[in-house]
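Colleague: Next come the chains, spelled out residue by residue.
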Amino acid sequence: MRAIKTVNGNAIPLNRADVDTDQIMPKQFLKRIERSGYGPFAFFDWKKDPSFVTNNPAYAGAPIMLAQQNFGCGSSREHAVWGLEDMGITAVIAPSFADIFRNNCSKVGLLTIELPQEDVDYLMSRAEELPGGNITIDVASQTVSVSGTAWSRHFDIDPFVKHRTLNGLDDIGLTLQHADDISKFEESRPALKPDTSRAFTDSLKIG
Amino acid sequence: MPKTIIEKIWEQHVVRTHPGEPDLLYIDLHLVHEVTSPQAFEGLRLTNRKVRRPDLTLATVDHNVPTTDRSLPNPDPLSAQQLETMRQNAKDFAVPLWDIFDLRQGIVHIISPEQGLTQPGMTIVCGDSHTSTHGAFGALAFGIGTSEVEHVLATQTLTQMAPKTMSVEVTGKLAEGVTAKDVVLAIINKIGVDGGVGHVIEYRGEVIRSLSMEGRMTVCNMTIEGGARAGLVAPDEKTIEYLKGRPYAPTGEEWDKAVEAWNALVTDEGAKFDTYVELKGEEIAPHVTWGTTPAQSVPITSSVPKPEDAVSAAAKETAERSLVYMDLKAGTPIEEISIDRVFIGSCTNGRIEDLRAAAAVAKGRKVASTVRAMVVPGSGPVKMQAEAEGLHQIFLDAGFEWREPGCSMCLGMNPDILLPGERAASTSNRNFEGRQGVGGRTHLVSPEMAAAAAIEGHFVDIRRWK
Ligand code: SF4
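Protein sequence lines, in the order shown, are assigned to chains A and B.
The number in this note's numbering is simply the position in the first sequence, starting from 1, with 9 added.
The number in this note's numbering is simply the position in the second sequence, starting from 1, with 71 added.
Be a bit skeptical, because a hint or two may be false.
To be verified - Sample of chain A residues facing chain B (criterion: CB under 8 Å; computed from the structure):
| id | residue |
| --- | --- |
| 1 | P35 |
| 2 | K36 |
| 3 | R44 |
| 4 | Q78 |
| 5 | K116 |
| 6 | F169 |
| 7 | I181 |
| 8 | L185 |
| 9 | H187 |
| 10 | D190 |
| 11 | P203 |
| 12 | T205 |
Don't read these hints as lab results, they were simulated from the structure.
As the structure is a computational prediction, the values presented were derived from the model and not from experiment.
Built from N, CA and C at the ideal position, the CB exists for glycine as well.
Bound conformation, chain B alone (with noise of 0.2 Å):
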C-alpha cells in the first residue's frame, strides 16, 4: 500500500504496538534545554532512575540566558539558578551540555541542525513547541511537556498515538520580496490556529521545494501555530548538500548508506493524506499580524480587518479582544501602523540567511529616532558567521543593536522586553498577549520586513519599497 513519508518514518520507529494502546515510539534524538526540564531530571532522583540514552541526548541553555556580555555576572538571580540547576543535571545525569562560553550555543531549534545532528528520517523531541523546526530535514520532530521529557530520558521512547496527516501544497512561485515567513504566516491564516490539531503536515509542491533549507525551518517551525505538532519537508538535493560535511552528519561509507535511506523518504504515488490543503504561491504577499494570535495576519497592502466580517461569532469576539489589546482601529492601512520596537532572531528567524537578508535593507541606512532596534543572533556559529561577513558591522552602523545568541525577545525571559503599550516589528512565531513583554504589542513578520519597519518607523511593503 502507497504510504505517506509521515506514516514511513512512524513505523520505522514503533516499538511495540498494542491494540487500544497508543504506539510506543523510539526517539533518535532528545534535545533538553533550562527551562522545561528541571522539574523531569528531578523526578528521575526522585524514582532512582537513571538517563537511559545520554548519547541520544543534548542539552543547552537559550530560553533564559542574558544576550549581553556574558563574563558579567548574571542580571537574574533566578535566571541563573536555572542555568545553574541546567548544568547540575548535566553533569549528574553525564548528559553533553553546551553552555554558554561553548561556540555551539544557541537556540536549540538552530544548533542541532547546523551542527548536522537533525537528519533526515529520524524521531526528534524537546521540551519545546517549536521542535517542529526540525522536520525542514524530513525528520518527525515534535513539542513535548515536561512529563514527557522526564519519559524520553528514562525510556528513550514516547507513548504516542499515530496521528492524521495533512498535506500543504503551495504551488508555483513567489514573487520577490515574499519569504518564507510569509508562506507560513499565509498558510496558518488559510487553516487557522486549531486546523492542523491531531495532524502531522507534509509541506509539499513547487514553492516548498524552492525553499532554502533555512527556509524550509522557518516553515516547519511555525507548524504549531496553525495547531499542528508536527510538520516535515521530504528530503532532496538541498537536504542532502546542506547536510555534507557538517560535524554530526555520517561520512565515508556510511554517508552514501544514509544517503540512500533519505532518498527513499518520500510519500508514494497515491498515498493519500486525511486532510489536504492547498495554496497559490503567486497569491502569497508579505504578511503582518494585527492581533493576538498568528492567524491574525493580512497582506501588507491591505487595512487591519472588521471584525464584522469575521466568519463566526467567536472569531468576531476573539478578532474585538485583540483590536482593543493591540491597539488599533479596524480599518486602519497596515502601512500606517508605526512601531517603537524591531526584534530580528528567535528559533523563526535567527539563522544567517535572515540575517543576510536584513542586513541587505540596513545597508547604509538608519533606523528611524523613534524606533529602537535589536538583531539577536540564533545561535555562536550564526553569530560568528554574521561577524566574518561583516553584517553586524551593517547593523551597528545603521543603529541596531548587536546582541549575544539566545530566545531573547521571543518570549521576553530575560530583560530584553516590550515595556507596556509598545508595539514592536518582530520575526519571532508568537504574537499572543504579553508574549514579549506585559501590554508589549507584537506584529511578526520576515526579517526583510522588519528591517523595513524599523528604517522607516512604520510597516511598508518591502516589494515595492527603494
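Next up, chain A with everything else stripped away, as it sits in the complex (with noise of 0.2 Å):
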C-alpha cells in the first residue's frame, strides 16, 4: 500500500446521493485478471453523457472527489477502488461512505473523509464554481482546509487506519506479525467445524 501523507489539489464535484459501485466500475470490467488499468473505465455510462462532471477538463487529474451520502454503496466489487485510484483519486470527501466501500478503500490506500453534510455541500458548490480551487487534506493533523481561506475542519479517521495509512503499511504483513496467535488459536478450534478438504475427492461429475 502506497503512504500517504498529505493530498493537495483540486476536487471533482460528484454530486449524487447513493452512487453505488456498479456506476462507478461496470460489471463489463470485472472481467479483466488484472490489477491496473481501469481508470478510462470507471464511471463508463454515466461518462457517454458529455455533460458528466468528469469530462470537464477543468477537473482532469484532480486527487479528490467530492460525493453525496452513501457513497459506493452496493458491490463488494473493489475494482471501483482501482478504477478511482488509476483515474488519479488519493481521497473522496463525504458526508457518509457504505462500509463495503470504505474499508476496501483503506486496504488499497484511498482515503474516505466523512465531513457534516454542510461542509460537504459548501466545498461542492465552490468546487463547481472554482474548478481549480485547491484543498489540501493533512492526514497527520486530521484537517481539510481550502488553500487561500481560512476554512479548515477536522476529520475522524480510525488511529490503525491513520498509522497504516501514514507509513503505507501492508496488512497482511501486520497480521502476519501474530501469526503465533492464529496458530494459538486453530489448536482450540472446534473440530466438529466443517472443512472443504473432501471437497477434492468427493467430485461428482456431470456426465
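Given two chains presented individually in distinct reference frames, assemble the corresponding complex, making use of the accompanying hints.
Modeller: Written out as C-alpha cells, the structure reads:
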C-alpha cells in the first residue's frame, strides 16, 4: 500500500447520493484479471453524457472527489476503488460511505473522509464554481482546508487506518506478525467445524 | 452480562484484541469465485505467500459462466480467460474448486448452504456483498473486497472493528401471497439504503421464525441493500432439520455436540442492541421497486410515488433521477406498468422453493406474447431437483426459457442481459442503473409476482390474481 501524508489539489464535484459501485465500475470490466488500468472504465456509462462532471477538462487529474451520502454502496467489487485510484483520486470526501467500499479503500490506500453535510455542500458548490480551487488534506493533523481561505475542518479517522495510511503498511504483513496467535487459536478451534478438504475427492461430475 | 448472538459469535472468533486496533477475527469458511479473486491470488504469488487453510476454502464459478449449453465453447473469450484463471489458481494453491462440470456448481451463496457447509456460529466471508445470505443459519457472514480476500487466503483472519448491532423484528403473520422477498423489501424501504451502515442485523420476531430456511436466506441475502454488511437469524429446529444429513454437516456424536452448541446461539434475555426497528407482518403487501435503489419500493396496490413527497431534498433529487432513468411517471398505478422481460433466479430467489412458487403460478398458463421470460436455477442440485419434480416442463410449456445454473441476468456479466430500454420484473436484488444491461430497467419482485407478471405482461397483485 502506498503511504499518504497529504493530498493537495482540486476536487471533482460528483453531486449525487447513493452512488453505487456498479456505476463506478460497470460489470463488463470485472472480467479483467489485471489489478491496474481501470481508470478509463470508471463511471463508464455516466461518462457517455458529455455534461458528466469527469468529462470537464477543468477537473482532469484532480486528486480529490467530492460526493454525497452513502457513496460506494452495493457490490463489494474492489475494482471500483482501483478505478478511482487509477483516475488519480487519492481521497474522497462525502457525508457518509458504504461499509465495504470504505474498507476496501482503506486497504488500497484511498482516503475516505466524512464531513458533515453542510461542509460537503460548501466544498461541492465551491468546486463547481471554482474548478481549480485547491483543497489540502493533512492526514497527520486530520484536517481538510481550503487554500487561500481560513476554512478548515477536522475529520475523524480510525487510528489504526491512520497509522497504516501514513506509513503505507501492508495489512497482511502486519497480521502475519501475529502468526503465533493465529496458530494458537487454531489449536483450540472446535473439531466439529466443517472443512472442505473432502471437496477434492468427493467430486460429482456431470456425465 | 447478557449478550446478543452477534456478540457471542464475534467473541468466539477473536484471535487477538489490542486497544486502538481492530480485532483480528478468525474465518471458518472462505468462499471464492472467479470475479473477485484473480488479483488476490496474484498478490500471493508476488509476495511468495501460500493459502494458509485450503481446507477452509472453497472455490466455484458463478458470476461469469454461460447459462447455455456448456459443452459448447465459451462464447466470451474474456469470460473463458477468467474461468481458466480460477482453475489455474485453484490448482496452484491447492484450493478445492467446484467447476462448471461439477454437479454442485452454482451461485456461491446457494451451494454452500445446500451442501451443509454453512452452519450456525461460523464466520463466513466471500468476495461478494451478498455473503450475508449465510446469516440465515445463525452464521456471521459478510462480503469483503479483493484485498481482504488476499488477507484471508494468506492468514485465515480478517482485521475488523466490532460492529454495532441492530434488531429488526417482524411481528405477527404474513398474508397469503406475501413472501420473504416482500418482507425484506419492506425492511429496506423502512430503514433506507444506508440505514444499516456500520451494523450487523439480527432478524427476529414471529414472521422471521415462520419463514423456511430458504425464506430466511432471501431476507438475509438483501441485508447489504439496507447498508448492513451482515444479517442473521438465530438457529432453531428448522435450521437443525435443514442441516441434518447434508454432505458437510457433522454426523454421529459430533452432530449431537454441534446441535448443543448451536442451541446456545441465542440473544440473551435483556441483551441490548444499538438500534431497534420493528415492522408488523400484517402490514406487508407484495412489493415492487419502481426506482434505481432497492429502497425505492411500494406495495403492488399503490402507484409510482411523487418525488415531491420524498422525505428530504436529496431523496427528492434521487427520486427524480430514478423516474427519468426508469421512464416512469409519478402517479402511474404499479399494476399498469408493462414489462418486456422476466428473470427468475439469483442468490436471492434461485432456490427450489422459489422455483416451486413460480411454477405453481405458471402451471397451465402461457407467458404473454410481448414478454421474454427466463428461469435460471441457482445451482446444479436445484436444477436437478426441479427437473425431478417436472418444474422445468411446466416452465417450458408456459414459454419460459430453462437455463444452466449461475448468476446470469442478476448482474448480466454473461450474455444474459437487458437491452437498452427494456423493462424487467426480476427476482434478483439490485435495480441499480444498468445492473442487468446498459439502459435496462429493473423492477424487483418475488418469484410469484415475477411469474404472474410474465403471464399478464404487466404487474398484478398475486393475492387477488387467479
Ligand atoms: S446472483 Fe447476483 S447478487 Fe447473487 S452472487 Fe450472483 S451476481 Fe451477486
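Colleague: Which of the numbered hints above does this structure break?
Modeller: Failing hints: none at all.
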